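These are the residues of each chain, in order.
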Amino acid sequence: MKKKALAILMGAVLAASTVIPAFAAENLSDTTEGTAQFEGLAANEAYDFQIVVKSFQSTYWQAALKGMDQAAEELGVTYSAQGPASESDIADQVNMLNSAINGAPAGVGLAACDTSSVLESLQAAVDAGVPIVAFDTGIADAPDGSIVCTVVTDNTAAGEVAAVNLYEAVKDQIGDGPVRIGEINQDNYALNIQQRGLGFINKLIELAAADGYTVAMEGNEFYVNEAVGAVEGDADIILEVRVPAQTTVDLCSTEAGTILDKEDTIAVFGSNQTAAEGLLVANDNREVLGDTVVGVGFDAGTSIKAAVEDGTFLGAVTQSPLMMGYYCIYALTAAANGQELIDVPTDGYWYNAENMTDESIAPNLYD
Amino acid sequence: MGEVILTMSGIDKSFPGVHALDHVDFELRRGEVHALMGENGAGKSTLMKVLTGIYSKDSGTITFEGKEVEYHNTHDAQEAGIVIVHQELNMVGDLTVAQNIFIGREFRKGFMIDDRRMIEESKKLFDELHINIDPRAKMSDLTVGKQQMCEIAKAISHKAKVIIFDEPSAALTEKEIDDLFAIIRDLRSQNLGIIYISHRMDEIKVITDRVTVMRDGTYVGTLITDECTKEDIINMMVGRVIYEEPKTHSMVPADAPVVLKVDHLNAGKMVQDVSFELRKGEILGFSGLMGAGRTETARALFGADPKQSGDIYINGEKVTINSPEDAVKHGIGYLSEDRKRYGIAVQKTITENSTLATLKEYMAGLFINKSTERAVTLQYIKELDTKTPGPDQLVVNLSGGNQQKVVIAKWLVRNCDILIFDEPTRGIDVGAKNEIYKLMNRLAAEGKSIIMISSEMTEILRMSDRIIVMCEGKKTGEIPIEEATQEAIMDKATRDIR
Amino acid sequence: MEKIKNNPIVKKLGFNRIILFLILLLMYGAFSVIIPGFASMARIMSILNYVYFLGFLALGVTFVIATGGIDFSIGPVMFCCALMSGYSLNTFGVPVVVALLMSIVIGMLFGCFNGYLVAFVGVPPFIVSMATMNIAKGLGSVFTKTQSVSWPQSNDPSGNGWFRNLVKVDGIPVGLIIFGIAIVILFIVMNNTRAGRYILCLGSNKEAVRLSGVNVRKWQMLAYVICGTMAGIAAIFFVSAYTTVQPGLGDTYNNEAIASCVMGGTSMGGGLASIGGTVIGVFVISLLQEGIMAMRMTKEVQMIITGLIVIVFVYADVSARRRRN
Amino acid sequence: MTKKKTIFSQEVIVAIVLVALYLIFRTISSDFGKYTTFLSMMDISYYYVLMAIGVAFPLITGGVDLSIGTGMICYALAGGFLIRNYNVPTGLAILVSILFGAAIGLCNGVLISILGLPPFLATLCNCMITRGLGSVVTGSFAVPWPTAKQDNGWFHSIFKITTANKTKIPLGLVWIILLMLLMQFILAHTRFGRYTIAIGSNKEAAMLSGINVRFYHVMVYVVSGLFAGLASIAYAAVIKTVQPGTGAGMELDAIGGAIVGGVSASGGYGTIYGTVIGAYVIIFLKQGLPYIGFNANMQQIITGLVLIGAVCIDIIKRKVIK
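Residue numbers (my numbering), protein chains in the order written: chain A, 2 to 368; chain B, 29 to 526; chain C, 7 to 331; chain D, -11 to 310.
No wet-lab data here; the hints were simulated from the structure.
No false leads were mixed into what you were given.
Straight-line C-alpha distance at most 27 Å; calculated DSSO-like pairs for lysine-lysine: (1) K191(D) with K137(B); (2) K305(D) with K174(B); (3) K166(B) with K151(B); (4) K166(B) with K307(D); (5) K224(C) with K335(B); (6) K224(C) with K398(B); (7) K18(C) with K398(B); (8) K17(C) with K398(B); (9) K307(D) with K224(C); (10) K388(B) with K18(C); (11) K22(D) with K263(A); (12) K305(D) with K297(B); (13) K191(D) with K166(B); (14) K224(C) with K357(B); (15) K335(B) with K357(B); (16) K307(D) with K297(B); (17) K388(B) with K368(B); (18) K174(B) with K307(D); (19) K17(C) with K415(B); (20) K204(A) with K151(C); (21) K263(A) with K156(D); (22) K187(B) with K191(D); (23) K187(B) with K174(B); (24) K151(C) with K263(A); (25) K166(B) with K305(D); (26) K224(C) with K368(B); (27) K368(B) with K18(C); (28) K263(A) with K154(D); (29) K335(B) with K307(D); (30) K305(D) with K335(B); (31) K18(C) with K415(B); (32) K410(B) with K18(C); (33) K398(B) with K415(B); (34) K17(C) with K410(B); (35) K172(A) with K204(A).
The following label-pair restraints were derived from C-beta to C-beta distances: (36) I165(D) with D354(B): 48 to 56 Å; (37) G50(D) with I252(B): 45 to 53 Å; (38) R145(B) with G141(D): 45 to 53 Å; (39) D206(B) with K305(D): 38 to 46 Å; (40) A8(D) with I25(C): 51 to 59 Å.
As the structure is a computational prediction, the values presented were derived from the model and not from experiment.
Where a beta carbon is used, it is the ideal one built from N, C-alpha and C, also for glycine.
Construct all of the structure, not just a fragment, from the sequences and the given hints.
Set out below in structure tokens:
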């Protein structure tokens, strides 16, 4: 019963996603071309796919698997998913990928923890003739012919959306003396976090410059050095980026706390589920978000959704894990059928208390 | 003397390699102090451990108050009214005196342990015993003697019907012994049965009513103390075993050179200004009570423990010994009193243990030359008559005496000229003991110099060419064997103890 | 049963180790039957990737456990070595050979640090491990500015990828040769040199060895140095197989290394160690890992099974020794 | 003699260090002194401190419990899973989490005390097993516990309540102090505590005194597991979403806290108040160093050095007293 309801909902989403602009603020990517290639797709046989995800730790992946379930049911294929204990267990994931390829499935869907360590395995996949669909994270230097299709959200764009919305909300406060905008990134080595973080930073600098404001960077060296257009010394906006020692919620919350405690802080962005949850944990005691400080989150999950709902967060950006999972299976099936594929950029959505129940958004907001 | 309270008959117990008890009989009446005598390794302690449930017997029966019993642990035995004052101290060092005395049967108020009452009760106990110990003191801060008194107090505090004293006097001063005897007499008058294990013949005559003698794990006989002489008891104890002839005079030639000279050695509280000389071919006995500082002196000399001051001369030359490494380099070997802790690696083979001090000599380049190593081990197995299936046997599988031989072999392989034997026959059965004595005499005759630390008076008198007596960390006497008597030694050994 | 146990050859090899080896074969057989195509070269290569680095870690820690100590900082130390040397390679442009040596030297230095604290200062090994674990993670992060480090691919245009040939040349597992040589060397060190003898004996009874005039501190420290050095070498094999290391990680490999060591018959109490047993243990864990994944179960199942196997083997060991005493 | 010892006891030194750390952080960073910072620090501290109190008992017996970190996550996952997927009342789920902890503790105890496995190994195995179990139970998925605003989220108020005028009170600290006093009382004034020390100091003597050492040795690990169970509730209340595969390494912070707080690494001595103070030192370092501008990663190095330093002080002190 539930499944049927979901199926109907999914259909609506798919229909909607082809017409509704991807982002509330700006249409950053066009999905129509990518999804069009799957129209009328049917599996030639009951394929069995192997999916290797980054981990099952965050509920993000649960949403992705839900999308896969849906697609698998529609197409009459099967899949099984594996993932290491945490997104940092690179070696385990490489082993899983190798094991998956060695099992000679009809195709492998891969969300790589680390893009360079899987290259050798991808070569092995080419040799074994196993098509790979990269989802969630694109793999830049993949050997020719290994990745048949990439189903990803543009992380830079997603970070930019956060910057646009955040800037809109606080720009009135800028100008009278320096103000501080914070960003919590759970690490500075994962490609998607880097892209997201820098997307946010660079967009914010760009927007500020357009209004004649200057931005100075503080905090984590990597992001400070990679930022484009920041100034040294006095500036209208101080953009402070903090990265915890380990990717855990409690350490993220400490870093978030140090930013929230500063008097001149006007806004903070948590760039993934862990960072945003850490931000919320820090805010539990300070209760400044939604009051004197604008908070922006990323992804979904029970506590982030609740925060957006009650106005603690101005809003958040969600990638569409459900879509990603869904199209991943479609792409795998099409590849197994022998179809040539083009990449499928999936949408990222800006959501807030108003639009989070919209049918284009709601299915992507996993618990 | 009242009726019989406890009978043990036909008790048999074997350990791997040792037949510890061979159908032993024993009987105890109410209101008597019954001495249990025998050489070390005769099986007294084992018998008592069987009685109190620490060991389970292989066969035989124990009848207590008319009922056949078998205890599976000390707790059962205590509940029934049989308590033991152990030879080894069984104290929890991190707890206080009162906590130790009442451990396992704390007074309680609800869930809470009533420490105050325990302290009061301990005080009462100590008052009865006329000893001055603060029940709140931490056990590990007390001297060995005081700890022993606590152990006794603990045993008495059980509402016991039978109390076993396992060599209680070894670490006590004369005064403390007198107090102890007063307590024992008091207990006797309360119609308790008391088993008293001791080596001290004088004490036996003073305090006990009957004497049971054991030898080599067998029951020899029971005598009424008043009706027998010391000699009767000794004869029963020694029996047919032929010991090395006791020394009546020094075997060391008058012109034998001094190989080791220790000058004003100081190391902690237990070694205060100790000086002595050791001559070539001499067996120098170190006598004294438990905790007199003999082992500490040996360890400081050997570099095992740090020393504050003092000079050591070997063959007339001053040497620096700051670690066992230095000592071994200078040809000193040390057989520890506690073999299992300091002497051997029990999970390793005889070969590995034998060459531990000399491994460098058995190297072919980077590698151990296992065949020469094995050859030398075999040689010493033969020479010392070590009973083992082969050199690859794990030491843990050997009996105490043979383990001791492995340690000796280690130093003989090293060709040490000065050997320190610290309680060389502790925990070794009688036959093996005699072999060790023979071996020591042979080594001395070959020109090795031996320092022998022993708590057994007979051993000291039998083996030494000269005797040094220590008391409370100081050297209190030096007696040539010709003049040595038990009394003379005892006098000096207790000289500083008030 | 008793007869088999007392057979001299069985005794020499160790009954438990033979059982473990049989389990290994049985597991391989079972996986091959259950999973179609499991018995393929590609699978073996994949298993070997794990065997190499885990093997070096486990062999190293065998020496420490033989002394009666423990070192569970090896995983993070391995990562720290790979991070610092890899970062130097990528950022400062040091030659690959230097980077490889650097990795080994850093591991060795960690070993010296641990060994010194344990042997000379007298800090319990458990605490030293805990501290070093934090230090290794922190140092790796600080040095690389919390960047993950990707070592060059084999076809890297700079030509820096040649070190991968240490592991695999054209699908031939040459790493096995190096691993084999290391096993032989460490076996000899453990059983035929003074270092091994003293390490084993001091694990059995440190005081007795000290009172035999042996400088036990030196040899005890050496065990930790060997362990650290092996972690440095493990780092090379890790990056050869898995390319990328991230800062702040590595803990999981401690447990697996110690587990393989212990199921191979090395006693936690010290004094007994088996290089051969450790190697079998490493293969068991690596095979289990591959098999579990091939059965499309997650890593967690492997952890549970590994935990249970270790409990069973240690219990067998403990109860056998108890019966003997 | 005894007085001298108390003055220089590790507990006192560590308490001074704790205050000094607080003052230093406060002086350097004005934000650190804020009440909200304090609240956050307390939030994070609860589960570490609870684990530390529990693990102090195995440490005092000369053992260790490495299974508490992954265990805590496993229990939190199990409880949250019941609430989320089976609509189990929160109270019952909490009870399940705590009892799950006690059960794993019992398992550790049996392996160590009855079967004679070395504590390090037995608990290491259970560390791996609980880590795996947590993932297997939940199918490897993260489990969110109810939020404070949800009906079944009342358990958050165990640790923190908001008064009418919106002030937040770290109620958890009260529980921690009460539990600390309770466990200190149990350690010092009940048979269980007494025998815990006795086992750590001289197990043989304890056995010969007729104590059922096996039973008490098992119970020591049950207590440790029980506290890991309690910690799991604190974790769920603060972090809210529990991720499988995490938790490894947390036990080391808890154990480190106990050791820094004066629990002897070889057993026989330790206090619960020392443990709690020590755990707070570790937490202060973890939480405070980012405030004074330290690179987050330096914090790990410093924690490591502090740990060695604490033990070295103890070693040197013992040498001096001798």
